[in-house]
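Chemist: Chain by chain, the residues:
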Amino acid sequence: MNAIARLIRWAVIVGLFVFLCGILPRLFPTILPTVSVEAEPVLCLGGDLAHHCEGGFAVTNSLVATLIVDVALIAIFLIISRSPRLVPGRLQNFFEAFIEILYGQAEQVAGKNAARIFPVGATIFLFVFFANYMELLPGVESVGYVHHAEGDVQGYELDPSTPEGSFLVFLNPRCPVITQDAYDRLTPAAQQARAEAGCREPIHEAAEGEGESEVDRGWTVVPTVRTASTDINVTLALALMVFISTQVYGAINHIPHDRKGVAGVLTGIKRYANKFFNTGGLKKPGPAKIFGAIDWFASLLEGLGEFVRIVSFTFRLFGNIFAGTVLIFVVMSLVPYVGPVATLLLETFVGLIQAYVFMMLAFVFMNAAAQVHGEHGEAGH
Amino acid sequence: MDIETATVLAKYLGAGFAMIGTIGAGIGIGLAVGGAVQAMGRNPDAASLIQTNMILGVAFSEAIGIFCLVVSLILLFVI
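Line by line, the protein sequences are chains G and F. In terms of our numbering, the first sequence opens at residue 3 and continues consecutively. In terms of our numbering, the second sequence opens at residue 265 and continues consecutively.
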């Protein structure tokens, strides 16, 4: 009895697997998404969109996503802060708790200085968090305008049910545009299916020297909205923001208490720059000069480290989220119907962790820059 | 082998070889988390502090693995 139950269970699992991976995609084929590292322009101000927006200002799909996140965040916090009540309502309570958790993290790193570094880190967290989670919304990276496929991109024919000149068009997943060679390699059943779906004849590869534009490679979709963090420009901008605010905050903290005004600021910058160009030890007499030289070299390395952080910040966020989208695409092409759910669950986790890590590292670096040491150092932090 | 085939071959091989670097990141993350779990077992009260530092350490070593990933993604999709 037990053995039969086990057999049935395994049969169900295998049957489900075969159904999801084999039968369902065969009956209802899906469009394979294309992976593009650079963000594509969806709108072109003062240029020609058809020619990669040369000479104009390209509104890329990641810029659209960035603006959506910005507007959503500003709207949410305007609504909450418009009428704050002493006894908070549901929404206000939720965001108060949210901000309190973030503030707790800042306090853990910076102690009593938390209030000064909190705004930068929390803003970055909220932006990155919302931007990462846009990846999970349906329609993002799948809805867009169609254009002619170029190069190695797999193109599809338009769905025959779409009327001519319609605003809303669909690609026909049964009819990927393939070359004659690829068509010959298909099984007879697949060739039969193509014929039944009413696909066009396979294209002939343009010979060497002939114009590529003469061959119609079908259509592909450029998404209107693409996850902001999968554009390296967005993550680089965030990294530069952290870099600049770290330096400014560090210099401000090196201003001596007894100096005010421009002289104080200059002294602060000078003392802060000493961290990266520590020539003080070189002036010492005798064998102490050697240790001074070592100090000087170490300070140079510290300065280099500040710039390496920009690269590390940029690629950490970009790599994680972009790898996530590529993973979703790969799973979509293998198990298109239920498979991506597991990947999306993983991406939920990764998106939160990356936002948290970005914020924490910003806190840690800013706090480290503010540490005053050396002979003029003030006591206690 | 003509130059075009060789380029494609080198591209895919390079992308694969670049991912070897993630071995180091994996070992690093394993060591960090292993140490953190041991520390949490010995001193459960300090768990939240340890966890924060662990995530930071994991982020640092993960960055190296991500660099490798970015290199191989660039080889695959950009070049």
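Please note that the accuracy of each hint is not assured.
Unchecked claim - Pulled from the structure, derived: some chain G residues nowhere near chain F, Cβ distances all over 10 Å:
no.: 1; residue: G17
no.: 2; residue: R187
no.: 3; residue: T269
no.: 4; residue: G321
no.: 5; residue: V328
Said to hold, decoys possible - Straight line, CA to CA, 20 Å or less: simulated SDA-like cross-link-like pairs of lysine to any residue:
no.: 6; chain 1: F; residue 1: K275; chain 2: F; residue 2: L313
no.: 7; chain 1: G; residue 1: K286; chain 2: G; residue 2: L302
no.: 8; chain 1: F; residue 1: K275; chain 2: G; residue 2: V328
no.: 9; chain 1: F; residue 1: K275; chain 2: G; residue 2: V37
Think of the hints as simulated: they come from the structure by calculation, not from any bench. This structure is a prediction, so every number in the text was calculated from the model and none was measured. Where is the CB? At the ideal position from N, CA and C, for every residue including glycine.
Chemist: Honestly, which of those hints from before does the structure not fit?
Modeler: Of the numbered hints given earlier, those the structure breaks are 4, 5, 6, listed in rising order.
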